[in-house]
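Please put together the full structure from these sequences, using the hints given.
Protein chains in written order, with this note's numbering: chain G, 70 to 404; chain V, 716 to 1031.
The hints are simulated quantities; they were obtained by calculation from the structure and are not laboratory data. Honestly, I wouldn't trust all of these hints.
Said to hold, decoys possible - Sample of chain G residues facing chain V (criterion: CB under 10 Å; computed from the structure): (1) 81; (2) 83; (3) 130; (4) 131; (5) 382.
Unchecked claim - Quick look at which bits of chain V chain G covers, simulated, 3 or more residues with Cβ under 8 Å: (6) 952-958; (7) 962-972.
We treat Cβ as the ideally placed atom computed from N, Cα and C, and that holds for glycine.
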Amino acid sequence: MNRVTLRKTLISCALLGAVLLLVIISMSLLGSERLPARTSLCALASLGTSACGLTQDQFDILFQIRLPRILLAAAVGGSLATAGAGYQALLRNPLAEPYLLGISNGAAVGTMISLVFFGAIEWTRPLLAFTGAFVATFAVYRLARGRAGATPERLILAGVIVTTFLSSVIVFVTTLMDATRIRSFTFWLLGDLSGASKTLLPVAITITIIGALVLTLHARSLNLLMLGERDAFDLGVEVGRVRMVVFLVASLLVGSSVAASGSVGYVGLVVPHLARLSLGSDNRISIPAAALGGALFVIVADTVARTIIAPRELPVGAITALIGAPLFIYLLKRV
Amino acid sequence: MCVLCLFVATCALVSRRALIILSLLLLAISFGCNSGAKPALDGPVTRELTDDAGRRVSLPARVTRVVSLAPNLTEIVFAVGGGDRLVGRTSYCDYPAEAKAVAEIGDTLHPSLERIIALKPQVVLISTSSQLEVFTQQLQNQNIAVFVTDPHDLQGVFRSIAQVGEIMGEKLRTALLVESLRDRADDVETAVKGKQPVRVFYQVSAEPLYTAGHDAFVTDLMRRAGAASVTANVPGAWPKYSNESALAARPDAIILPTGGSMGSANSDVTEALRQSPAALQGRVYKINDDYLTRPGPRAIDGLEAMARALHPDAFK
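Pasting the structure below:
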């Protein structure tokens, strides 16, 4: 990485990181229950070591419920946006996105199978979600490769086919479940961050950070791949290996976020595009920027979801889709 | 008939023995005639009842074939003595045990229209207004009446029972049933009268957290059982609820509907409420979910179970 790019990357990441920290702090002051701002900030600054005059309940709300949920939103947003940026670069398609390609649905099927058959064993959830995402990724990739290569239209069509097929599988699995659980599943399918599980949260955060780092380290190869697989190969890129790395990492990212929160749509579409629009299409900058921006986007969307009709809640996926779908249409018209 | 009577009378004059034989014959014929004549007389006669959706529903005078699309309605049909005329039920309808012998028509949300029509019911009882329009239209095209019940409180449950009783033509039995249920409900309310209402959180499911809101009939049931539901004023019947608001509400008791159709699901308190006064004092009560989620006769069992759990000293 030359010095100019490195500097630009570091500056934009530092800036986005600062904004992210600011948003995490300010959004943790918002919720269905009002917490005193000053004492909450004091408690947050002490990283939970001092209650600063918060009551036990207020302290628990802040540190047991709200903050884990915000961190989960950050991990989910970061994962999906990074995966989206990775797919878009690798497949040379601005519309490639985990949700639209059916990869989220693959992960959802995996999670549901884990819930129905191994309900008590929590670690099977991300594992099966990852498997589902990986299988769906390969299915889409194989379907999209025609004789003329993977055209954008063909890829989206393949995504539609895989999505609808997996949706039917989901419907089939829900009919196997008893009535009382179906409603919570439909909510979960639209993306729900309220179940910030203590075991899955650290897993999701770790995977997000590692995934974003690995993809950023492959950003140069991805830049060359955007010229076309042949040209990239001629320029010394191990195309097959890079493709496998991106597929594995992206499936891992999508799998862990879906296992923790269901399918939050459009994050992988909106955020990488905004990153490229504002910072240019160099993946060395846009991938880490997308990771941080995705975290920002989902934190804000989830804050809206949990406060707008408080004390009731909306699924966060409804909010991201509300913003994402119009943007998708806009991008589709530009392609 | 009259011709026949004259004939018999003439014959009777002829011989005594013929009289006996012929009068027996007449009896048989008149019975036959009667049973044959009845539908012809009653068939076109209809009644009109207003259902909970405010629709005027035309019903045949005597209902002999009915389909129920909800477990609470199946329970009501059996309780008012119409179980032998129930020809279809959902896969959720598992009570009373006799109900399981009745043909299944799918579940409440996805009933099989074909199977319902094939069962030739006169009335279909439904408890949900979802998919109502298309569904009702198709059934009405087949000359099948659709009756909607939608109780939001205990009075509504009594009304549903009375309506179904009237549909089934079991007015007397229904009146007695409703009276005895009302007496039991009154006994509970008398027992808990003057007691400080217990602040209760009703947990429908833990993850994600769902509760009973303003429109759920169980909210009214809790009030009558001497409970003050902390979510009684949340709009809707079964809202998804904020974890933080649940924690901040600091309920003194938690009700977990579980153990019936739910099986072992929902038998743990949600994480946000593990440190609540209710959980710390061990005031977490598991009550058969079928009593609390089915607005039928067994709702009174739910009322009694909740009142006894929350105010044990009132029932000594």
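Hint check results:
1. 81: It is violated, given that the least Cβ distance between residue 81(G) and chain V is near 34 Å, above 10 Å.
2. 83: Result: violated, 32 Å to nearest chain V Cβ.
3. 130: Holds, because the Cβ-Cβ distance from residue 130(G) to chain V comes to roughly 4 Å (cut-off 10 Å).
4. 131: Holds, about 9 Å.
5. 382: holds, 5 Å
6. 952-958: Our answer is that it holds, as 6 residues pass the Cβ test (under 8 Å) against chain G, meeting three.
7. 962-972: As far as the segment 962-972 of chain V goes, the hint holds, because 3 residues have Cβ atoms under 8 Å from chain G.
Comparing the model with each numbered hint stated earlier shows that hints 1 and 2 do not hold.
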